[in-house]
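Residue numbers (the working numbering), protein chains in the order written: chain A, 13 to 492; chain B, 13 to 492.
To be clear, the hints were calculated from the coordinates, so they are not data collected in a lab. Keep in mind that a hint or two might mislead.
Remember, identical chains collapse to one label, so a pair may be satisfied in a single copy or spanning two.
[As the list claims (entries may be wrong)] In the DSSO-like style, the derived pairs of lysine-lysine whose C-alpha atoms are separated by at most 27 Å in a straight line are:
(1) Lys440 / Lys480
(2) Lys317 / Lys440
(3) Lys70 / Lys333
(4) Lys409 / Lys323
(5) Lys454 / Lys409
(6) Lys480 / Lys317
(7) Lys490 / Lys384
(8) Lys317 / Lys222
(9) Lys270 / Lys220
(10) Lys41 / Lys454
(11) Lys452 / Lys42
(12) Lys150 / Lys338
Number of protein chains: 2
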Amino acid sequence: MAQDGGKKLVEAITPMEEDFAKWYTDIVKKAELVDYSSMRGCLFIRPYAYAIWENIQKVLDAKFKETGHENVYMPLFIPESLLQKEKDHIEGFAPEVAWVTHGGGEKLEERLCVRPTSETLFCEHYSHIVHSYRDLPKLYNQWCSVVRWEKTTRPFLRSLEFLWQEGHTLHETEAEAREETTRMLNIYADFCEQVLAMPVVKGRKTEKEKFAGAVDTCSIEAMMHDGKALQSGTSHYLGDGFTHAFDIQYTGRDNTLKYPFQTSWGVTTRLIGAIIMVHGDDSGLVLPPRIAPTQLVIVPVAMHKPGVLEKANELLVRLQKTLRVKLDASDNSPGWKFAEYEMKGVPLRLEIGPRDIEQNRCVVVRRDDRQKIEVSLDELETRLPAILDDVHEALYKKALERQNAMTYACTDWDGFVRTADEKPGFIKAMWCGDQACEEKIKTDAGLTSRNIPFEQEHLSDTCICCGKPAKHMVYWGKAY
Amino acid sequence: MAQDGGKKLVEAITPMEEDFAKWYTDIVKKAELVDYSSMRGCLFIRPYAYAIWENIQKVLDAKFKETGHENVYMPLFIPESLLQKEKDHIEGFAPEVAWVTHGGGEKLEERLCVRPTSETLFCEHYSHIVHSYRDLPKLYNQWCSVVRWEKTTRPFLRSLEFLWQEGHTLHETEAEAREETTRMLNIYADFCEQVLAMPVVKGRKTEKEKFAGAVDTCSIEAMMHDGKALQSGTSHYLGDGFTHAFDIQYTGRDNTLKYPFQTSWGVTTRLIGAIIMVHGDDSGLVLPPRIAPTQLVIVPVAMHKPGVLEKANELLVRLQKTLRVKLDASDNSPGWKFAEYEMKGVPLRLEIGPRDIEQNRCVVVRRDDRQKIEVSLDELETRLPAILDDVHEALYKKALERQNAMTYACTDWDGFVRTADEKPGFIKAMWCGDQACEEKIKTDAGLTSRNIPFEQEHLSDTCICCGKPAKHMVYWGKAY
């Protein structure tokens, strides 16, 4: 490890091909995204990662509000008796909750669960405030952290505590609630594609993989660099199971008592893991421009020559009106800075030195493909946003091409098992709908169903596993 | 309870004079700020209250970032051994923490405290990342919820769980850290005065009242309608006690190892309680315009006459560019709407009916003093922001006048005790600095020291209690 201007030189990270898991943890540490705490499975989320999360929040929160949702805050603790009201829900969550048993120096009469999700709390609240069809719909969301007691953990992907948003809505009719479920899934998918430059597969989860307490769970699934799937967002149609369990009734338009229909939906800090594993490379992070905390870093070259720092500062002030810009005027060498901002995945680097100033131009270097672009200083305000859009498109295209290239269609069992064994990626194959086949696929091919995509293809008439008539085409894969 | 257009008429609330505590809880329920959960001392924070909190967050967060602070997120749980590292800190907090003892179906080897505050977590993180003077200062903040096991609770004022922000910073020198402590207290005070229209007294807490683990605690104290004090924000100079306890050392400019100096500072959802109790009246909430989720509500009169709803809608679209506006086009009567938005404390109501439209004007009614102002429809964009500024100034002035009128200066013990007994409010009196006198004042007069104001006055030479030479003038009062 060399020193440069008093700061450590960026250490090389493990190449992706050599050890993907190590590459991932190298990035989360060296790009200063997280630090490990002595609290197992919990993270110190550092400013750079939190700034990414804030940008995610900002875009999504505006979208939620645009579609009529309001933010609320529910308690962190759920009394055990409340959690137990909905049978499937408690069965699903009981094994992975944390229990508070003592408070204020005394043993509590009833144990309190640290929320793993807040359906039960929202239901208690609904039971107090929903009386008439005039009180519907309720369109709520909350930003908070939740706790799930995972045995093995990985930064952003699986942790004891994670940050998320959870939407919870209540509607007069099943149709309205189902429409909401789809609306929110589409908002997530559009966000992933248009903001994170990350293609996703939209579909419905199988019975085996759905949320504890849901009638239907829809998901978006993204393919990581190593071909594994990351479930990147879910939207649940909960039916009226919870509203029955919590006795939430309202007087309908026809003056009779009815149970409303419910949804819930969420995305988490997993999205940061997805960004790393979809776009990153062996030099570090590659951040999609629309979410990058810094979209462009100005690196002065020959900084101590007269006029250079002044010009760099002038550009900073000018460009801050259009972009999220940073100037690095520290005494580290330009080489150190180049490596540092590559590691941090800053989409564009603007180099400016004495010769550039003379010629009224600068060099803009793209992080994604390292292309160097000469730009006149007079045209920065128009050119830079256009270059950032190009970067976004290029990232999306690259990810989509990889996903397509690593998605295989199989119509016979041997081919399916062999592909699963030899080729990382997704396999599309027909399925009879029987859970036994899903389990055999898990045992024999090591794959789980990712989802039943909304865009169905007819690959064959029969189930890949048992040969009986097929009901759906399913995406199969290994998942984080 | 009468019905109007299918909705309940707003019920009257308990008058402030009759029962201040009941007046307060009536408002929090009837203005739909909170709903009580079956989890004792925890609240469902409803959309209207959460929107106030979001506005508070937005203004403060921008201010924190402007002054160089970065947001991070630390774990919810603190292992018991970590919490115990700083002796004063654990002594102060141990009686009021909640303990997680079981997770994932198993008894934990070490109990985990649900964070009551995060100094210990920040310190662990600092110990990993601070090595050189080049790594300083660290200027961090986090928005989260914390848990303190209170025996008696009141919405926003004292609850088991509350939302807050906690700033945590680390500096090379004591002077820098003390400067930061003052800077952040000033940001809080300016925020209260310029945004919440709430005068505050800035000062230093006595030894007895300071934060567990702090060298000095500074606070801002606001006077509620009933004369009681609400500590509305604190900023702590922590010295190097924690950095010694956590062995946080850095190599200084002189190449020797040193311990850095630390601060922490926070405000909470208590501020919502303060807004209610400083500005509210017997018709409900009165929201300061700069924080009100809705600054102006448009109420169409004779809504079903031709052109009225169209004009109301046109105004909505127009005014949304300048203000946070809402149009209530529901089938409730104007009278119901007037009462509803008075209860909700919306600063301005704009009434528009057929005659107004004919005359190209409308009537704007101020919530604070019920003044009716005729405004030409052509002048809304300029007049409304000016009226909102007037409302802000009037609210601040009224609160300051009340605070001044209810602040007494005492120079003899009998007068002090009699004033404490007879007059709600603050008492200014001299103090020798001895904790015994502070305790006697608590026992005999029922008052605690609020703070030692930065703006000192010399009322007399001797302590109000013991007659020995006085060191400071102190604000004394009853507190929430």
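A quick look at each hint next to the structure:
{"no.": "1", "hint": "Lys440 / Lys480", "result": "within (17 Å within a copy, 87 Å between copies)"}
{"no.": "2", "hint": "Lys317 / Lys440", "result": "neither (60 Å within a copy, 61 Å between copies)"}
{"no.": "3", "hint": "Lys70 / Lys333", "result": "both (18 Å within a copy, 20 Å between copies)"}
{"no.": "4", "hint": "Lys409 / Lys323", "result": "neither (36 Å within a copy, 48 Å between copies)"}
{"no.": "5", "hint": "Lys454 / Lys409", "result": "neither (31 Å within a copy, 71 Å between copies)"}
{"no.": "6", "hint": "Lys480 / Lys317", "result": "neither (77 Å within a copy, 66 Å between copies)"}
{"no.": "7", "hint": "Lys490 / Lys384", "result": "neither (38 Å within a copy, 67 Å between copies)"}
{"no.": "8", "hint": "Lys317 / Lys222", "result": "neither (63 Å within a copy, 52 Å between copies)"}
{"no.": "9", "hint": "Lys270 / Lys220", "result": "neither (30 Å within a copy, 57 Å between copies)"}
{"no.": "10", "hint": "Lys41 / Lys454", "result": "neither (33 Å within a copy, 52 Å between copies)"}
{"no.": "11", "hint": "Lys452 / Lys42", "result": "neither (41 Å within a copy, 57 Å between copies)"}
{"no.": "12", "hint": "Lys150 / Lys338", "result": "between (42 Å within a copy, 18 Å between copies)"}
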